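Top to bottom, those sequences are chains S and Y.
According to my numbering, the first sequence holds residues 48 to 423 in order.
According to my numbering, the second sequence holds residues 11 to 289 in order.
Nothing false has been slipped in among the hints.
Heads up, incomplete: computed chain Y residues facing chain S, CB under 10 Å, no partners named:
hint, residue
1, 107
2, 153
3, 182
4, 239
5, 276
Chain Y regions said to be covered by chain S (calculated; three or more residues, Cβ under 8 Å):
hint, stretch
6, 130-143
7, 210-220
8, 247-255
Simulated from the structure, these hints should not be mistaken for lab results.
Please read these numbers as outputs of a predicted model, since none were measured by experiment.
Glycine included, C-beta positions come from ideal geometry on N, C-alpha and C.
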Amino acid sequence: MKIHEADARGIFASYGLPVPPSRMITKAEDAGAAAEELGCPVVVKAQVLVGGRGKAGGVKLASTPAEAVEKAGAILGLDIKGLTVEKVLVAKAVDIEKEFYAGMIFDRGSRRPMMMVSPAGGVDIEEVARKTPEKILKLTVNPEGGLMPFQVRRLSSFLSGDKAVARQIGRALSGLYDAFMGSDASLAEINPLVVDPDGKVWAIDAKINLDDNGLFRHPDIAAMRDDSDTDPGEVEARGADLSFVKLDGRIGCIVNGAGLAMATMDMIKHFGGEPANFLDIGGSSSPEKVLAAMRIILRDSNVKAILINIFGGITRCDDVATGLIEAKEKLGLDIPLVVRLTGTNEGPAREILKKTEMIAADGMEDAVKKAIAAAG
Amino acid sequence: MIVQGITGRDGGFHASQMLAYGTKVVGGVTPGKGGRKTEDGIPVFDSMAEAVAGTGANTSVIYVPAAFAADAICEASDAGCRLVVCISEGLPVRDMVKVLPFIKERGTRLIGPNSPGIISPGRSKVGIMPGNIHAEGSIGVVSRSGTLTYEIVYHLTRAGLGQSSCIGIGGDPIVGTNLLDTMELFAADDETEAVVLIGEIGGSDEEMAAEMIRGGYPKKVGVFIAGHSAPPGKRMGHAGAIVSGGTGTAAEKVAAFAAVGVEVADTPAQIVDIMKRLI
Numbered sequence: 048m049k050i051h052e053a054d055a056r057g058i059f060a061s062y063g064l065p066v067p068p069s070r071m072i073t074k075a076e077d078a079g080a081a082a083e084e085l086g087c088p089v090v091v092k093a094q095v096l097v098g099g100r101g102k103a104g105g106v107k108l109a110s111t112p113a114e115a116v117e118k119a120g121a122i123l124g125l126d127i128k129g130l131t132v133e134k135v136l137v138a139k140a141v142d143i144e145k146e147f148y149a150g151m152i153f154d155r156g157s158r159r160p161m162m163m164v165s166p167a168g169g170v171d172i173e174e175v176a177r178k179t180p181e182k183i184l185k186l187t188v189n190p191e192g193g194l195m196p197f198q199v200r201r202l203s204s205f206l207s208g209d210k211a212v213a214r215q216i217g218r219a220l221s222g223l224y225d226a227f228m229g230s231d232a233s234l235a236e237i238n239p240l241v242v243d244p245d246g247k248v249w250a251i252d253a254k255i256n257l258d259d260n261g262l263f264r265h266p267d268i269a270a271m272r273d274d275s276d277t278d279p280g281e282v283e284a285r286g287a288d289l290s291f292v293k294l295d296g297r298i299g300c301i302v303n304g305a306g307l308a309m310a311t312m313d314m315i316k317h318f319g320g321e322p323a324n325f326l327d328i329g330g331s332s333s334p335e336k337v338l339a340a341m342r343i344i345l346r347d348s349n350v351k352a353i354l355i356n357i358f359g360g361i362t363r364c365d366d367v368a369t370g371l372i373e374a375k376e377k378l379g380l381d382i383p384l385v386v387r388l389t390g391t392n393e394g395p396a397r398e399i400l401k402k403t404e405m406i407a408a409d410g411m412e413d414a415v416k417k418a419i420a421a422a423g
Numbered sequence: 011m012i013v014q015g016i017t018g019r020d021g022g023f024h025a026s027q028m029l030a031y032g033t034k035v036v037g038g039v040t041p042g043k044g045g046r047k048t049e050d051g052i053p054v055f056d057s058m059a060e061a062v063a064g065t066g067a068n069t070s071v072i073y074v075p076a077a078f079a080a081d082a083i084c085e086a087s088d089a090g091c092r093l094v095v096c097i098s099e100g101l102p103v104r105d106m107v108k109v110l111p112f113i114k115e116r117g118t119r120l121i122g123p124n125s126p127g128i129i130s131p132g133r134s135k136v137g138i139m140p141g142n143i144h145a146e147g148s149i150g151v152v153s154r155s156g157t158l159t160y161e162i163v164y165h166l167t168r169a170g171l172g173q174s175s176c177i178g179i180g181g182d183p184i185v186g187t188n189l190l191d192t193m194e195l196f197a198a199d200d201e202t203e204a205v206v207l208i209g210e211i212g213g214s215d216e217e218m219a220a221e222m223i224r225g226g227y228p229k230k231v232g233v234f235i236a237g238h239s240a241p242p243g244k245r246m247g248h249a250g251a252i253v254s255g256g257t258g259t260a261a262e263k264v265a266a267f268a269a270v271g272v273e274v275a276d277t278p279a280q281i282v283d284i285m286k287r288l289i
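In isolation and in its complexed conformation, chain Y is listed as follows:
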């Protein structure tokens, strides 16, 4: 895996953390800073093409400023990375709608932007989540949030419920891999027995996930929705978290899951009780 933006504060810090967790970090890219090595001995390249050619990497994680992130995603895709995880936040939506057809043509899966990354506990993490709160197990976690996911994973782990993989899809209105895409990935994953879905106000992905469950979903699902107390018309931090024109409310999302018999937790800790009943 290559870290784009490895010479920055966040990129450097998390490259070390990922390496320590066991992720095969084989290189970094910062244009104009190629040829050196980081404190951990990771070689830095000027471009993704050179980094991929020099290391054989197939994955990239991005920690560059928002204005350069769309370009970084396309560069990684064009260099042949099959998986690109974009941690950077603040990408203009216009950039995202142009990036998506470009990377689709090249067969790249994008997680994010504005994502905490993905982790398969005990094996590898690509992102910024603290590794020590996770444990190996059979629960898949998909979330539009970062730190709220940590909170819920922390409870799961303490209750002895380990995770197969945790995927933070990002809080933007338009992301590379959305809730439904991730639900499909978990449906096909043999290591995942049940899924925790962490949604929030804005958009209708949660309602569509409920529809997917109504149509027959092979795994048990427990849900938490954030933003019950959010006032309408106000953006709650995430660019995608906004109740507009009376739609996208937490109440609607909870009702959609209730209608298909899926339990929704009132507090992050309650997810544990729900998942224990389910598996």
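Okay, chain S solo, but in the shape it has when bound:
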């Protein structure tokens, strides 16, 4: 789950990171009072859940409250990569002497938390990694001991030779590690972490992505979710405990298991069709989940045929069959349904589906070809 910068700043501040004070506003005229209260100059920043806000004109500096109102007015309503700006953050501006990058992820290779820092801050870190990898220092952390003081010293001295500055950076990095682990994040970034002309260190941007699987421990963070720019089908799918990603094709897919669901989409493309979605009904599927899946797919008027591809293991084919019957009755399905069911309780599933009108398929390839033909 992604959260807004304003919320990430709040989490960072609660872990003691030096975050400049800020106010969130939704009306341009409120920017004046916010700037007055914070003290000018201020920076006005679009709150949208995509990167590259600066380049898109979503971040502007204002030296007076009146200018803050003007800048906020220009940013609110702006379209950034297809997202409309509805909220802006007014934050106390910091003069930048130097800027760094600091980030935390879980490293798949070492299977440990990993901190990355770079003196090349304020730019896209993936580009730094490609062009000048020597400018990035990465250290993995044993979660039992946490980020050790010697690691903090190594990371902070990589960024600054000034001892007083390095000490402040070190405190910020420890805070970043604690915020990352403490909030069950999958990514936590300060880009940039800056030094002002007085030698004081500030985290002037904040980004945190959360591990969806850890959200149950953090109802306060879960409440930060902003679905205003998410596809409504994806929101409904989350509520029904389904994995769903909307695409642009004509063939709706309901599959059990993520790998098989991806392979089904790939095969549709391979044989010349276009999938309308990725949808994994998960392992312990129930008839209710199948019904929910059908409802979500039928929201999309592009869908001209639905392909059900089930290879039962922990999923029982009879549960899926029961769900399909229910969906046909409740949703008034008027497009072709191509069904492939193999595996656990396949026999009882066939019995259940006997009297229903649908295109039965013998195997995945047959099902995909029949769905492409049915979708026209």
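Chain S is already provided as a structure; the job is to place chain Y on it using the hints.
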């Protein structure tokens, strides 16, 4: 073998299925429900320590809700299980990075989480895969997916290509035994003549496996990669299946295998042709 979460719907169902397949299921654990027996007559214990002491089990399989799964893995490891297979999905990554050093200290191998389990056809299965689609043979199968593995195994078996062992490592970004670990296990396994590797988008395990093959791998390898049509930045069901920052794409993985002369199948059924050519 002990089934953790045996009194739940999935744990109970699959305990019966494993027993029927010939796996030595000797006990189950559900805290607070010890002392009873399941319909199959399997004794239920309150803790892994009691279950291991009472049965002499050395393996455990886990079907408990995600919030309790990390604890279940550690409990099994601490009770002395050498092999723990975690079927449960949805474990926070933070839990996994803490579990791994704990079980390593105790010498436990973990398969999963979010794994369909492992099977040595004709002998034993620990997991949720349908036993009847497998056949005894000499092909080792390693996969990040569950049902996609069934699909491919189904084709292999129908074509007369039996399997030595099939290992589902799980779809999470951080797992106990990864693709490379499993490739090493197959390299050392006398019963395995060739390996089918089923990868997917996200991470760089497949690229590292290709590097391993470049360095000299003792068995023939055929590959299938899922997720060619996945849009970037979107998580495709598995927590680990995501193309981020332009890396982890299916095209990159296919190219890495092609560069070391390993054939990659376009469809699950094509794996059969590749493996027939290889052995």
